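With the hints as your guide, set chains S and Z onto chain B.
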Amino acid sequence: SAQLAGFMGDCTAVTPVLDLAGIFVFALSGALQGARKKFDVIGMAVLAFFTSVGGGVIRDLFIGVQPAAFRDAGYLLVPVAATVIAFFWHPQVERAMPGVLVFDAAGLGLFCAVGTAKALYYGLAPLHAVFLGVCTAVGGGVIRDILSGERPTLLYDRQLYAVPAMLGSTAMAVLYALDVRGFVATLSSAVLAFAFRILAMRYGWRAPLARGMN
Amino acid sequence: SAQLAGFMGDCTAVTPVLDLAGIFVFALSGALQGARKKFDVIGMAVLAFFTSVGGGVIRDLFIGVQPAAFRDAGYLLVPVAATVIAFFWHPQVERAMPGVLVFDAAGLGLFCAVGTAKALYYGLAPLHAVFLGVCTAVGGGVIRDILSGERPTLLYDRQLYAVPAMLGSTAMAVLYALDVRGFVATLSSAVLAFAFRILAMRYGWRAPLARGMN
Amino acid sequence: SAQLAGFMGDCTAVTPVLDLAGIFVFALSGALQGARKKFDVIGMAVLAFFTSVGGGVIRDLFIGVQPAAFRDAGYLLVPVAATVIAFFWHPQVERAMPGVLVFDAAGLGLFCAVGTAKALYYGLAPLHAVFLGVCTAVGGGVIRDILSGERPTLLYDRQLYAVPAMLGSTAMAVLYALDVRGFVATLSSAVLAFAFRILAMRYGWRAPLARGMN
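Residue numbers (my numbering), protein chains in the order written: chain B, 1 to 214; chain S, 215 to 428; chain Z, 429 to 642.
Looking at chain B on its own, in the form it has when it is part of the complex (with noise of 0.2 Å):
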C-alpha cells in the first residue's frame, strides 16, 4: 500500500528491486532442488514459488494481512523465471551454486530486514517482529523441505542460518525504537545478517545439539 510504502521511506526506490533479486535466488534454490529430486516442470514451479514467497505468505498470514505474494505480479512471474532457467540450465546453475549461496546469505539478510519491518509498521510488538523477521527468511526454506518430502533441514543441520536472521532482525527492530527508518535500517540490518551468515559458512560455525549430545 502507499501507506506502507511511506512508511518504507527511501527504500520504495531500491527495495522492491532487492526483494526481486532476493526472490528470484531463493526461486532458483527451489527449482533446483526439485530438478535434483526428479521432480515435474509443475513440482519445480511449486518448489519455486514456495521456496521464495513462503516466509512472506507465512509473515502476512500470521500479521493478519492478505499476503503481498497475491497482489503484486513480480512474486508469481519471477518464480516462473527461475523455474524455465532451472529447467533448461540446471547443470550450469548448480556448479555456479557455491556462487548462488552468496546471493542466498543476501536474501537471507533482506527478507528478514523487511519482514520486521512489515510487522513492525502493523503494530506488532519488536519482540513478535522479530519473529516475523525470522520467519519470513527461512519460513520458505522450510516449506520446500516439507514439500520435497524431506525434513527441515534448518532443524537439524546445525548450520546457523536462523540465527543471522534473529541478528539482522533484531537490529530492525533496535533502529525502529531508536526512529532510525527507511533505506538505512533496511539495509544496516540487511548487511549485519548477511556479514554472519558468510562469517558463519566461511568459518564453519555450528548451532550447538542438546547436552550430551554428539
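What the hints contain is simulated information worked out from the structure, not anything from laboratory work. Given the structure is predicted, the values throughout are model-derived calculations rather than measurements.
Below are the DSS-like pairs computed for lysine-lysine, each with C-alpha atoms no more than 25 Å apart in a straight line:
1. Lys251/S - Lys37/B
2. Lys251/S - Lys465/Z
3. Lys465/Z - Lys37/B
Some but not every residue of chain B turned toward chain S, in silico, with C-beta under 7 Å:
4. Phe70
5. Phe87
6. Gly149
Over 12 Å on every C-beta distance to chain Z, these chain B residues come out as not near it, computed from the model:
7. Lys37
8. Met97
9. Pro98
10. Val100
11. Ile198
C-beta atoms are modelled at their ideal positions from N, C-alpha and C, and glycine is treated no differently.
Then chains S and Z, alone, in the frame of chain B:
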C-alpha cells in the same frame, strides 16, 4: 455471502450441489488413502476433510477472508459421510476407483473454476486469480499427501493434473474479462478442464522433467 | 481483547495461567522430540513453539483473526523456556515423561475447551466451533510430527487423543447453548476431556481401523 451468491449469478441454484459432490469425491479419495495406509478412523476423517476442503481453505486464507469451510455445515458433514462409507465399504469403493477418477476430474474442473471466480470477485488480478483457482483444485491433494507422510504426487508423478486446472482457471478469467459470468462461465471452464484431464489420462500425456533428465 | 476476556468471564483470572501451563507442557514435548531426533537448538525451539501454539494459530487463521500467539509475549517466551530446560536437562525430563503425559492430557482438555469458546465467541456455528476446538488441541502435535519428518501419530496410532478433545469441545458447545459460560464451563469441559483421556490411556482404549483391517 448473499453478494457473492449474486455474483455467481444463476449458478447459485446448481453450483452448491455440484460443489458438495466434488467435495464428496475428494473426501472419498482422502479417506481411502487413509484406509490403504492403515490409518485409524480419526486419520481417515482428517484426510477426508483436508483433501476435500484443504484447497479451498488455502485459497480463502490467501485471499484474506474466513475460509468458507467454517461457515457451512456441508463442508464438515460431507467428509464425515465419505469417511463412514470408506470405513465400511473401502474394498468395494477401491474396486470402483477407475470410475471415481472420472468424478475426480469433474471435481478438479469445478474447483478450479469456482476458485478462480471467488478470487476475481474479491478483486484479485487475473494472474493471481488463476493461481488461486489452481490452488483450490490441487491444494487438497498436496495436503493429503503431506499428512500421509508422502511426497506430494502432484510434484513428481508427471501426470497432467495442475495443467488442466490452469487451463480451466485461465478460461474462467478470460470469460470474466469478457463479462461472461455466472453458471455459463463456471460450467464451460469446468468442462474444459475436465475434458483436458480425461484426455491426458486416456492418452498418457506427461509433464516434462528438466532437460536432460529421464 | 478486553471483550473476549469479558466473555470468558471469571475465568480470566485463572485461565491465562493454565493456558501458559498447557503451552509449557506441549512446548516441552516438542523440544524433547527435537532432542530425541538430534535436532540442533534451533530445531528444538521451532518444534517447541509450533507444538505448543500451532493448534491455536490454526484455529485463529480458520476463524479469520490474527493469531493470539503474535500478540502476547508469553506465547513466545514460554516455548523458549521449555527449549532451555530440554536443552540442559532432557535426560531428566525424559525420565519424568510418564508423569508429563498427565499434564499433556490436562493441556489437551484445556485447549479444546478454550478453542471451542473462542470460535463460539466469534460467531461460528456449534459444529464448526467443536471442530476448531479439536484443531486447537491436536493441531500442534500434527505440525510437530510433520516438521520432524514423521507421519502424524494422531492419524494412525489408534490412541484416543482427538476423541477426548471432541468430547470436551462438544461439552463446551452444549454448555454455551445452555448459557453456562466462563470459568465453570471451561473447567468442566476440560476436566471431562482430561478424565476421558486418562481412562483411555489407563485401559488402552483404541480407535478402530477400517472394517476388515488389523
